[in-house]
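S.K.: The working numbering applies: residue 295 is where the sequence shown begins, and numbers increase by one.
No lab work stands behind these hints: they were computed from the structure. Every value quoted in this text rests on a predicted model; they were computed, and no experiment measured them. By construction, the Cβ of each residue, glycine as well, lies at the ideal position given by its N, Cα and C atoms. Be careful, since some hints might not be right.
Said to hold, decoys possible - In silico BS3-like pairs for lysine-lysine, Cα to Cα no more than 27 Å straight-line:
#, residue 1, residue 2
1, Lys428, Lys365
2, Lys430, Lys365
3, Lys346, Lys324
4, Lys535, Lys437
5, Lys601, Lys431
6, Lys437, Lys503
7, Lys365, Lys346
8, Lys577, Lys428
9, Lys333, Lys518
As the list claims (entries may be wrong) - Computed Cβ-Cβ distance ranges for the label pairs, DEER-style:
#, residue 1, residue 2, range
10, Asn372, Gly429, 16 to 26 Å
11, Tyr532, Ala604, 19 to 29 Å
12, Asp360, Glu408, 17 to 27 Å
13, Asn372, Gly344, 16 to 26 Å
14, Thr506, Phe581, 19 to 29 Å
15, Asp415, Ser453, 46 to 56 Å
16, Asp501, Leu454, 20 to 30 Å
17, Gly548, Lys577, 33 to 43 Å
18, Thr506, Ser410, 29 to 39 Å
19, Pro438, Gly548, 34 to 44 Å
20, Thr506, Tyr549, 44 to 54 Å
21, Arg398, Lys518, 29 to 39 Å
22, Tyr436, Phe581, 21 to 31 Å
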Amino acid sequence: MCKKLALTAAITLLLLSPAYSGDLYVLGIKDEATLTAVKGIVPNAYGMIGDKFIVELNSEQFQRLDSAGIKAEFVASNFTPERFFIVGQLGTPGTPKGVLLTARYQSGGAYIVELSGGEIDILRQEGYMVIPMKGKKTPFFYKPEVANLRFLDTYPSDSLADLVSLDSLYSYDSRLAAFETRYMFSDSINSARDWIMEKFLSFGYTDVKYDTFYTGISGDIPDKPLHNVICIKPGVTYPEKLIIVGAHYDSYNGYIDPMLVAPGADDNASGTSGVLELARILKDVTFDKTIIFTAFSGEELGLYGSKYMAAKFYEQQADIEVMINMDMIGYDPDSNYKVELEAGL
Numbered sequence: 295m296c297k298k299l300a301l302t303a304a305i306t307l308l309l310l311s312p313a314y315s316g317d318l319y320v321l322g323i324k325d326e327a328t329l330t331a332v333k334g335i336v337p338n339a340y341g342m343i344g345d346k347f348i349v350e351l352n353s354e355q356f357q358r359l360d361s362a363g364i365k366a367e368f369v370a371s372n373f374t375p376e377r378f379f380i381v382g383q384l385g386t387p388g389t390p391k392g393v394l395l396t397a398r399y400q401s402g403g404a405y406i407v408e409l410s411g412g413e414i415d416i417l418r419q420e421g422y423m424v425i426p427m428k429g430k431k432t433p434f435f436y437k438p439e440v441a442n443l444r445f446l447d448t449y450p451s452d453s454l455a456d457l458v459s460l461d462s463l464y465s466y467d468s469r470l471a472a473f474e475t476r477y478m479f480s481d482s483i484n485s486a487r488d489w490i491m492e493k494f495l496s497f498g499y500t501d502v503k504y505d506t507f508y509t510g511i512s513g514d515i516p517d518k519p520l521h522n523v524i525c526i527k528p529g530v531t532y533p534e535k536l537i538i539v540g541a542h543y544d545s546y547n548g549y550i551d552p553m554l555v556a557p558g559a560d561d562n563a564s565g566t567s568g569v570l571e572l573a574r575i576l577k578d579v580t581f582d583k584t585i586i587f588t589a590f591s592g593e594e595l596g597l598y599g600s601k602y603m604a605a606k607f608y609e610q611q612a613d614i615e616v617m618i619n620m621d622m623i624g625y626d627p628d629s630n631y632k633v634e635l636e637a638g639l
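Using the sequences and the hints, build the whole thing.
M.R.: Right, here's the structure in full:
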């Protein structure tokens, strides 16, 4: 009888104890050998910060990684996913009011922090991106160095690149800028949305739709429905594998009222034009994998459209092989002809 009571008490104590099994670390993956070793020891990451994966390790996993020559950098003990968040600065927001950020780890403008519910709301209202670690299962991958490619004055006439039309790009960009503002709370954002859909349809696509979301923003401007525009080109061999090509079509003006003027020819009618031109060129080209062309809304004030779409794909466990995001194509502040490529997860 005493043994039964003791066992019951022990089980109850375990159930009431904090639900953690390890500590929080960050680690980098520098090559294929490291990737293979990490995947054999740790099931998944809780996201990334900079170029490092955020992982939970118990003492055995830490020792196995160390024995394999993989150094994990300590972040916090007694890790519980519900308490930890990745906080990123969007633009250059000021010091958050009412929240004392004590970062456990920092990389560039991103931080690993512990937050309460009230602090999360304050940070988001003040323009910070707050990503919960709870439920996040980021797969490990190795990103090899990108080789510099020789700049070509002309492209082979039999390549798809040769089909790019400067006149088309200019016409798309000019039309989007002619809406005068594509600020997410303006009425003309819906007109721009409709025009983008009509362009996809004019190319001959049939699976084109709006994907509606809400920002959750409260304050002087009431929340309103916003819309990503989605155009799907099905793959023929591996249709479940997805390639996403996107750009945000909303705009913002930080100097005068964006409800009146925010043409955004460079930021980001240019990127949206690039997505449209790719869709035009690739309409009758057969691909093994499905391509999803998308124009995001609500980017300027918090990446709302892209975060909404990413969360949906995550919940659906979609097999996304690559996402190409276009932003400010042709923007040239210093006459230094270059293309900036950024990669991450």
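S.K.: None of the hints should be skipped; say for each whether it holds.
M.R.: Evaluation of the provided hints:
no., hint, in the structure
1, Lys428 x Lys365, "holds (24 Å)"
2, Lys430 x Lys365, "holds (22 Å)"
3, Lys346 x Lys324, "holds (10 Å)"
4, Lys535 x Lys437, "holds (19 Å)"
5, Lys601 x Lys431, "holds (16 Å)"
6, Lys437 x Lys503, "violated (33 Å)"
7, Lys365 x Lys346, "holds (11 Å)"
8, Lys577 x Lys428, "violated (39 Å)"
9, Lys333 x Lys518, "violated (43 Å)"
10, Asn372 x Gly429: 16 to 26 Å, "holds (19 Å)"
11, Tyr532 x Ala604: 19 to 29 Å, "holds (21 Å)"
12, Asp360 x Glu408: 17 to 27 Å, "holds (26 Å)"
13, Asn372 x Gly344: 16 to 26 Å, "holds (24 Å)"
14, Thr506 x Phe581: 19 to 29 Å, "holds (28 Å)"
15, Asp415 x Ser453: 46 to 56 Å, "holds (50 Å)"
16, Asp501 x Leu454: 20 to 30 Å, "holds (22 Å)"
17, Gly548 x Lys577: 33 to 43 Å, "holds (37 Å)"
18, Thr506 x Ser410: 29 to 39 Å, "holds (30 Å)"
19, Pro438 x Gly548: 34 to 44 Å, "holds (38 Å)"
20, Thr506 x Tyr549: 44 to 54 Å, "violated (30 Å)"
21, Arg398 x Lys518: 29 to 39 Å, "holds (36 Å)"
22, Tyr436 x Phe581: 21 to 31 Å, "holds (25 Å)"
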